[in-house]
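Chemist: Letter by letter, the chains look like this.
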Amino acid sequence: MIRFDSVSKRYPGGNEALRGLDLHIERGEMVFITGASGAGKSTFLRMIPLLERPSQGSVMIDGVNLLRLRRSRVPFLRRRVGMIFQDHRLLHDRSVFDNVALPLVIAGRSHADVGRRVRAALDKVGLLHKEKASPVTLSGGEQQRVGIARAVVTRPPVILADEPTGNLDPALSEEIMALFEQFNQVGVTTVIASHDHALIERLGHRRIHLQDGRVA
Amino acid sequence: MKLPASIQAWFEQHARAALNTLGGLRLRLASSLMTTAVIGIALALPAGFLLLVDNLEAATANREGSPQASAFLQATLNVDQQRDIAAQIKALEGITDVEHITPEAALAEFQRASGMQETLALLERNPLPPVVVAQLRSGLSGADADALISALSAIGAVDEVRVDRVWLERLDALMQLANRGSGLIALLLGLTVVLVVGNTIRLDIENRRSEIEITKLIGGTDAFVRRPFLYTGMWYGLLGGSLAAILLMLSVLLLTGPSSHLASLYGSAFQPMGPGLSGTLTLLGSGVALGLLGAGVAVGRHLAAIEPR
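Protein chains in written order, with the working numbering: chain E, 20 to 235; chain G, 1342 to 1650.
Bear in mind the hints are in silico, worked out from the structure with no lab data behind them.
Note that the Cβ used here is the ideal one computed from N, Cα and C, for glycine as well.
Be a bit skeptical, because a hint or two may be false.
Stretch by stretch, here's where chain G covers chain E in the computed footprint (C-beta under 8 Å, at least three residues) [what the hints assert, rightly or not]:
# : region
1 : 86-97
2 : 100-111
3 : 222-229
So here's chain E without its partners, still in its complex pose:
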């Protein structure tokens, strides 16, 4: 599903985030990416929906070489990759419902379809009763779950999460990880960058440890 072949990323100024990363994640796998900050976890995740482009090497997603992907096709790649951020990236002037509906509106779904799918996604993360609320009135854990609902509402084949439990207490972190496991159980390839070693240890999925921009 996700294949990196000797991928390097050098930022202007000489900072090298990835140095010849070789990595393969199978379809339907659940994988944790660990490593110290600066090891390249975020850069790795951001290359999958082409938020970054590699300086060298090739990235294949679901059989498509991203090097050869035309600029106009990038939005359609991003629709197939649900991305979850540590800082949630929600729209604060819209309701919870509208935030979760945005990917469906972008994809041009009909009005009735949008309502049904948004409620299903909100129900899944346990926030159905908050659909009219503004994101700023929600707690950190709730905002994170709105972000997750937005990422999965289009049922993408891949979910990426960058430190999804970074700011949460252990109980909430456990809840969030349980949600990801549920998505994974229905066949979604799930990649999570995290440094919550204790939790990862307990969950027992495949771990990829990055160090200095390559697999350690």
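Since chain E is already given, all that's left is putting chain G on it; use the hints.
Modeler: Below, chain G alone, put in the same frame as chain E:
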């Protein structure tokens, strides 16, 4: 009839963008009204000038008494020959009527008008030539009048042609100047509309930077991101155009009384025209086109620079 899902989705997306942006203008009512007013006035001014020129043209075309040309014939012609020439002149394109004045009739008229019967009686012979007075078709352009006068002069028996056309040329020149001036003003104020809308949309883009980033992040195409801004520009243009049409109609209403009074003093039944249906539609169309252009320029310049982090 049930439309295919993709076409229905397309309509839904556009309807949603159109309604959402209109709602957005209502949310920022004060600033939207000010922008609309600027656009409305900028459109109303050139449209008003063009309407004024149209009205002036209509008013001067309606005036009684079209221009006349007097053809002085050779004095040696007999009356029958003079009649032939008169008929020949009447057949020319652009001449509506001719009046044939014999030297005798001219002398009698001159004696009556001047009160110099005794002096004139001293003359051995009638010094006045036969004249054909030709009525030129009203609304003749300067070039057409020139052509007609050369045609008259070309007739062999015609000695000289006098035409009362200096004022015609002056009016023509004035109208051309007014038309050119209105065009220039329209160009500058049209540019103003583009800049006003462009700047408003630029601020809008700046204010919604995070929304644009997130939209691109989760797979919004460039067209999707662009759409609400283009619709906003379209609405500004449409609302500004409507305001301009209302301003024009009000102005015509206010000017009808005084202008009719002025026209009646000149013995004319002239009534000023409003922009009419086609004028109003042109105004709305120009507003929409300029609004879209302004939004398009702003979107083209500023949207590409926003990429998700």
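Chemist: Take the hints in turn and mark each one as holding or not.
Modeler: Hints versus structure:
Here the region 86-97 of chain E counts 5 residues with a CB under 8 Å from a CB of chain G, which clears the bar of 3, and the coverage holds. With a cut-off of 8 Å between beta carbons, the region 100-111 of chain E has 4 residues touching chain G; three or more are needed, and the interface restraint holds. Counting residues of the region 222-229 of chain E whose beta-carbon sits less than 8 Å from any beta-carbon of chain G gives 0, not enough to reach three: the coverage restraint is violated.
Of the numbered hints given earlier, the model fails hint 3 alone.
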